[in-house]
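Asker: In order, the protein sequence lines correspond to chains A and B. Residue numbers for the first sequence follow my numbering, so the first one is 8 and each next one is one higher. Residue numbers for the second sequence follow my numbering, so the first one is 6 and each next one is one higher.
Everything labelled a hint here was simulated from the structure, so no lab data went into it. Don't take each hint at face value.
To be verified - Distance ranges between label pairs, derived from CB positions:
hint: 1; chain 1: A; residue 1: D349; chain 2: B; residue 2: V30; range: 52 to 58 Å
hint: 2; chain 1: B; residue 1: A287; chain 2: A; residue 2: E301; range: 43 to 49 Å
hint: 3; chain 1: B; residue 1: A358; chain 2: A; residue 2: G300; range: 56 to 62 Å
hint: 4; chain 1: B; residue 1: A358; chain 2: A; residue 2: G592; range: 49 to 55 Å
hint: 5; chain 1: B; residue 1: P32; chain 2: A; residue 2: S510; range: 32 to 38 Å
hint: 6; chain 1: A; residue 1: G950; chain 2: B; residue 2: A287; range: 48 to 54 Å
hint: 7; chain 1: A; residue 1: P706; chain 2: B; residue 2: T203; range: 18 to 24 Å
hint: 8; chain 1: B; residue 1: Q171; chain 2: A; residue 2: S647; range: 45 to 51 Å
hint: 9; chain 1: A; residue 1: N448; chain 2: B; residue 2: A404; range: 57 to 63 Å
hint: 10; chain 1: B; residue 1: V30; chain 2: A; residue 2: S510; range: 20 to 26 Å
hint: 11; chain 1: B; residue 1: D238; chain 2: A; residue 2: S524; range: 42 to 48 Å
hint: 12; chain 1: A; residue 1: P706; chain 2: B; residue 2: A200; range: 21 to 27 Å
As the list claims (entries may be wrong) - Far from chain B by the CB rule (all over 10 Å, computed), these chain A residues:
hint: 13; residue: L100
hint: 14; residue: V124
hint: 15; residue: L403
hint: 16; residue: Q612
hint: 17; residue: Q868
hint: 18; residue: G924
hint: 19; residue: D970
Unchecked claim - Computed from the model, here is a short list of chain A residues facing chain B with C-beta under 10 Å:
hint: 20; residue: E107
hint: 21; residue: P529
hint: 22; residue: T600
hint: 23; residue: N602
hint: 24; residue: L610
hint: 25; residue: K643
hint: 26; residue: N703
hint: 27; residue: L710
hint: 28; residue: L766
hint: 29; residue: L767
hint: 30; residue: A768
hint: 31; residue: S772
Where is the CB? At the ideal position from N, CA and C, for every residue including glycine.
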Amino acid sequence: MRQLYQPMCRVLATMLAIFCTAGLYAQSAYTIKGKVTETGGNAIPGVSVAVSGTTQGTITDADGNYTLNAKLPTGGYKLVFSYIGYAANTQPLELGAQTEIVLNAQLKEDIASLDEVVVIGSSINAPRRQLGNAINVVSAKSLQNTGTENPLGALQGKVPGAQITQNSGDPAGGFTVRLRGVKSLRGSSDPLYVIDGVIVSNSTANVSQLAVSAGEATSSLGTNRLADINPQDIENISVLNGAAAAAIYGSRAANGVVVINTKRGKSGVPKITFTTAVGISELRKRVFISRYGEQFGSATLRLHTIGAVSATPTAPITSQGFVRDGATTFLATNKVPVTRYDYQDNIFQQGSTLDNNLSVAGGKDNTQYYASVSYAKNTGIIPGTSFQRYGLRLRLDQRLTDWAKISAGVTYTNSLANEKPNGNTFASPINSINITNNIYNITQRDANGNLKAVEPSRVNPLTVLEEFAITQRVNRTINDVQLNLTPLKGLQLDWIVGLDAYSQTGKTYIPPYPYASEAGLPAGLFPTGFTGSAINSVYLFNTDLNAKYDWTISPSFTLNAVAGYNYQYSREDFSQATGENIAPGITNISGATGNTVRAFDGLDQFSINGVFGQATLGYKDRRFITAALRRDGSTKFSPSETGQLYPKISGSWVVSDEIFWQNFNIQNIVSDLKLRASYGEAGNLNGIRSYDRFRNYNPVPFLGRNTILPSAQLNNPRVRPERSTEVEFGVDVSFFNDRIGLGLTRYNQQIKELVVNRLLAPAASGGINIVNNVAQMENKGWELALNATPVKTNDWNWEIGVVYSRNRNKVTNTGLAGNLNIAISSALGAPAFIVKDQAASVFFGTHYARKPDGSLLLTAQNLPQSEKTTKDGSGQPTGAVVRRIIGDPNPDYTASLNSTLTYKRFAFRFLLDAVQGYEVFNADKRTRNNVGIGDLAEKELKGEIPRGYVFALVPIEEYRIDDGSFVKLREIAFTYNLPPLVKGLNNLSVSLIGRNLYSWDNYSGYDPETNAGANSDILRGTDFGNVPIPRSYQFSVTAGF
Amino acid sequence: MKKLTISVISLALLLLTNACTTEYVNPSSGNGEELLKDVNGLVSLANGLQYRYTIGRQSPAYTVIVAAGLTGKELRVLNAGNTDELLLEQGVANVLGNNGVVSNLWSQLHVTKSDADQVLAGANNLGDPALKSGLIGYASIFKALSLGTLAQFWQQSPVTNGDTAQFRQRTDLLREAIRVLETASTAVTANPPSAAFTSRIVAGVDIPNTINALIARYSLMLGDNDKALAASDKVSLAVKSEFRFDDLTRNPIFDVALGNINVVQPTNLNMGLPDALKPDAADKRVDFYFLTRTPVVPAPFRGKGFFTANSSPIPVYLPGEMLLIKAEAYARKDDLANAVIELNKVVTKTTDAWGIGAALPAYDGTEKTKAEVLTEIYRNRCIELFMSGLKLEDNRRFARPEPPTNTTERSRNFYPYPFVERDNNPKTPADPAI
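Just chain A, same shape as in the assembly:
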């Protein structure tokens, strides 16, 4: 492969050299200036003013004025004024003898924004009218006053086609973003994130939750690292939902691409903005915990609702036999008095939030800068949990010559998360109260002040809060340098170098339990204490070289051509050490006894080389056709698989600009109409680990002797990227002079060559599995975005927006022999499976036996039971227990409604966010009832349901399926812009903000928006000791100087 690549590399380098030295042509200096205003006459700051086809450009200052000093050859040009949310305005610019030119422009707010310029690739932009696919842009305005310091949280409910879920209410909890459904069965479905041309990592490496053991393979615990980005620095976010839009990003684009542009400086006097927000957060809803003062059997009978006792128990215990699935178990029937507590009183607190930002932006003609410093701290509703982040940012734009400019961005972030075990272990704060019978006073201490044991083999919940110390510190820097050259008219050359480097240091400390032997704590809870420390050093580098050429072929035809080369390198260096039996007073790995220390070191490296070309042919600025092709090679695949090709073709037709349309005389009703269609292919590498094509021979520690364990996963040199093919149709239409804008998109994604761990016949192969491209699935769906401005007067402005997305995911081939189901392992016992012709994943499990009318078919003892293969003579189920699909964690649809009402200086905004038609596997429900502290347990004690009811439900998995559908009041904000108070203070506004204040749902747990599989894309909709998402209130002040 070296032979093939080296010439290519050389060609590219030469290309760059030629372009750099190319053409300096006759030119004169011009000064172009003017003012940009809104339709109402208000000045618009920050408007980009650019001479089309050159790099000459500037930005309007705070008063809407601009001055552009340009050195250009004489001739006809176009001056383009553009700003997010406004239709771009293009004015002819004739450069001749007159060197000072005044050009004012007026921009119209445009919801459909056919002329809005959006990002479609690294350094590649296009006006919406040219696009054959939907690209959604979220502006800075929508990311303000959201009540969250996480950029993904701020995006919730704002992007058509995106389902954004907060997986945990922990301050350091993660978010899952899925654009148009699940994309991979083995890897992440997380989109590719690009910030100012830098490919950044949003991965979740677990460095802090080290004391979790078996069953964790599927869960993806921890913070996903976009948490390091400060939303206040973001100017806008463009979301490319699928392969059709993202094909030129190649092998990593099948999950979609999220392009984030950060704020830049504007010429003019330095503009200082200070924002501070303080707030509180609290538990939104408690779950039912029984305080009923009785239990079955005796006070020492564990799991009193289901715990077996003898058929002939000693008095006072009495028992009765209960038949379940053919076996008889004796349960206690007598009751004894106990005192019950609600441990929710002990493990929840009021949290607090603080978010401070200071930015300075300004610049002169050739230099603009933006600098910011930020600090955010979020203290959780579980004592001892918090997330804080310091950030520094600098963006510098410098014009070097009249044909070259350079832009550089530097970001540094430092974050610290204080965590508690987050689900998946019975030592997490929430699980410890679910799994412990609440008849113990957990606040009691012995003479030494140590907390006392509770139920045998359980951890005192307060031990978790007071003694466990779990931290994660991240140092991160994201930097970019971009060079834009315009050596010839119409030709632009962009070169981007980006790097994202960070280190995560995680530490876990569980001290030895003072009551370990008294409580008989099992090894999995680390009775002698546990420490762990892990470091993950990540380095991502990318460089992009793009050449663009705009050519007006004839008055009717234009051609925009782009050719590019792209190189990406990723290095992830992870090392970890854990140990047990901790020396007194030592809180880190140094205190572990040597014979328990385990160490691990892993290095993951890969690179991608891609070349691409794209051409857009335009006819009269209303009909466009775009074709693109990308070719990728990567070290993740063998040389034989390196030439991965990703084609794309798309077209758009601005019908409303056609002559015949204008003759219809309906422009008053339909102001703009655009039809679009697109086809594209893209790849996904997330499912392929860097060394999957080899059989790995892994060293293992074994009694002090060199030991190598060959992996049971055999080698497969033919591993290649998963491939997504997408067809998309859509229409963008605006009505009544753009008062109403509607975008509608229909897409069909066929994902082939999905990677699965295909099981092998062990006897035949001598191995257990192999990574193979064999599965297939599809995503089909609709996206709708509706924006309207029903009221717009001088004093009043009312904007309303609706987003609706519906996706149907279907696995058409599970990749296993005979299309067998793939079980997804989980620590919480969720029966999650990949099943042919179902969404990935679904809950496939045991269910209630029912009568034809749907009511429960009860046993002779009037208890619910599992459905079995057949019925016996008396109509009772018999034979083996059968399973079916009992729930689907993929929603039928997601929708949101946002509204902003402005009256003079007041603004009121809210966002309702709905996820409807999905199921949650609520593991905690059964745990609480089995332990005897849940609602059914209390009913059984009170005799409202028969004795043995909870016991009967234990093996019926359908019982743990809950409807998760919810509508949340995601955001609400009242803002008042104060009138100018003192000179120099340009604006001052105060806001009251609420987040997640209310949820309309029928969920019996804390919050249906949760996932015990954390950021896993395959194990979804599972609730197992997760920290609920709090509701929070904030008071924020923004001052501009």
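Once you have looked at the hints, place chain B on chain A.
Answerer: Okay, now just chain B, sitting in the frame of chain A:
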């Protein structure tokens, strides 16, 4: 201008040079081809055989003892959340090819065997005869254990890997196991493994004694009583051969099961025997295998035996097994006098290399029929070799009551073939009826 141009070009060239790397090597993984050619690599891989066989819940060391124990009524499941174990305990039609314990047993034994074949192939190319013999002896033990254990739970299995490999009867597996062991025995006798080998291999398994003990075990299963007698005679009863563990690589039975009260524990003090055969009240072996004879709520009878700590070693075979092999072989050859003599060595011993001693009065063999003597041998096997993983095979060999008509002593005869095999290997034979 020139400055800019030059610096841009040099930087671009610098960056693009790096872009031409096409392969990254995993520093945390060895290269298979090289390891199999290198003596240190082969020794490391040989240690890997024991690791795979003994470490973790998926390892045969766990699955053999738990599967045989649950099917043979030695063990019971405490927490129904351990679904695979629970279904095994329920037995009969509840045991399907998707049972995790059953699949692990099959898969890990086959992978161990396949890896052992690689080590054996690599060892044959070595020059140093004393290193070579050590590797052959050690790898042959794991190959034989894999084949012999497969024969205890399944009616058929391939003997070699490969898509074309045919399923063979379990007797063929046992014969192959014995053949491999005999070859190893010759190699080890001719060139005793050198210190260069023993200092690098995981300590614990005594190669010569284990080879003979396993020849004796599998010969008895095959019904080759003479060979069983001859081989067991060669085993030194004073030597312990064991799988060792520590806090990192833990005794899997202690780690998963006996160290807590959540997975499996012994059913009761009868050790899975029917009332008629239950241990004598004075049998000290009950105290060896149980924490206490007094039932304690909620897990009435907690096991002890070789599973008391992370680092408790598990015997590869017990001295008592050798004596009982002799007793059984004599009995089956109708030499009841010698059978009773060997049996009584077990019944009356107060201790042995492992500290096991029934310390009972001698069994009175006078006027006893062959069947009665064999039943007493069976009873003593079940007590002496409690939780050794041999229960299912013993129960079948002694023709104890058979499921599905009678599930009091065992709930399966053989296991069904795991779905992973059936789904991916068309040669997989039909499952046994029960």
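Asker: If a hint holds in the structure, say so; if it doesn't, say that too.
Answerer: Here is how each hint holds up against the structure:
Remark: the range hint 52 to 58 Å for D349 (chain A) to V30 (chain B) is upheld by a beta-carbon distance near 56 Å. Look at A287 (chain B) against E301 (chain A): about 46 Å separates their beta carbons, and that is inside 43 to 49 Å. In this structure the supplied range 56 to 62 Å holds for A358 (chain B) paired with G300 (chain A), their Cβ-Cβ distance being about 57 Å. For the pair A358 (chain B) and G592 (chain A), the supplied restraint of 49 to 55 Å is violated, since their beta-carbon distance comes to about 43 Å.
In this structure the supplied range 32 to 38 Å is violated for P32 (chain B) paired with S510 (chain A), their Cβ-Cβ distance being about 19 Å. For G950 (chain A) and A287 (chain B), the hinted distance range of 48 to 54 Å is satisfied, since their beta carbons lie about 50 Å from each other. Taking the beta carbon of each, P706 (chain A) and T203 (chain B) are about 21 Å apart, inside 18 to 24 Å as hinted. The supplied range of 45 to 51 Å is broken by Q171 (chain B) and S647 (chain A), whose beta-carbon atoms lie about 33 Å from each other.
A hinted range of 57 to 63 Å for the beta carbons of N448 (chain A) and A404 (chain B) is consistent with their spacing of about 59 Å. For V30 (chain B) and S510 (chain A), the hinted distance range of 20 to 26 Å is satisfied, since their beta carbons lie about 23 Å from each other. In this structure the hint that D238 (chain B) and S524 (chain A) lie 42 to 48 Å apart at CB holds, the actual value being about 47 Å. In this structure the supplied range 21 to 27 Å holds for P706 (chain A) paired with A200 (chain B), their Cβ-Cβ distance being about 23 Å.
L100 (chain A), annotated as away from the interface, keeps every beta carbon of chain B farther than 10 Å; the closest lies near 26 Å. Listed as a non-interface residue, V124 (chain A) keeps its Cβ farther than 10 Å from every Cβ of chain B; the least gap is roughly 27 Å. Against chain B, the non-interface label of L403 (chain A) holds: every CB pair exceeds 10 Å, the least being about 16 Å. A beta-carbon of chain B comes within 10 Å of the beta-carbon of Q612 (chain A); the shortest separation is about 4 Å.
At the 10 Å boundary, the C-beta of Q868 (chain A) stays outside the reach of chain B, the nearest C-beta of that chain being 19 Å off. Once the 10 Å rule is applied to beta carbons, G924 (chain A) is consistent with being away from chain B; the minimum gap is 30 Å. The beta carbon of D970 (chain A) sits about 25 Å from the closest Cβ of chain B, which is more than 10 Å, so the claim that it is off the interface holds. Taken as an interface hint, E107 (chain A) does not check out: its beta carbon lies about 26 Å from the nearest beta carbon of chain B, beyond 10 Å.
A distance limit of 10 Å between C-beta atoms decides the matter here; for P529 (chain A) the minimum to chain B is near 4 Å, and the interface restraint holds. Given hint, T600 (chain A) at the interface with chain B, holds; its Cβ is 8 Å from that chain's nearest Cβ, closer than 10 Å. A cut of 10 Å between beta carbons decides the hint on N602 (chain A): the least distance to chain B is about 5 Å, and the hint holds. Taking 10 Å as the C-beta cut-off, the interface hint given for L610 (chain A) holds, the closest approach to chain B being about 5 Å.
The restraint placing K643 (chain A) at the interface with chain B holds, with a minimum CB-CB distance near 9 Å, inside the 10 Å limit. Interface restraint check: N703 (chain A) against chain B, minimum CB-CB distance 4 Å, threshold 10 Å, status holds. Look at L710 (chain A): its Cβ gets to within about 5 Å of chain B, closer than 10 Å, so that hint holds up. A least Cβ separation of about 5 Å between L766 (chain A) and chain B falls short of the 10 Å threshold, and the interface hint therefore holds.
At about 6 Å, the closest approach between the beta carbon of L767 (chain A) and any beta carbon in chain B falls short of 10 Å, and the interface hint on this residue holds. Taking 10 Å as the C-beta cut-off, the interface hint given for A768 (chain A) holds, the closest approach to chain B being about 4 Å. The closest approach between the C-beta of S772 (chain A) and any C-beta of chain B is roughly 6 Å, which is under the 10 Å cut-off, so the hint is satisfied.
The earlier numbered hints that this structure contradicts are 4, 5, 8, 16 and 20.
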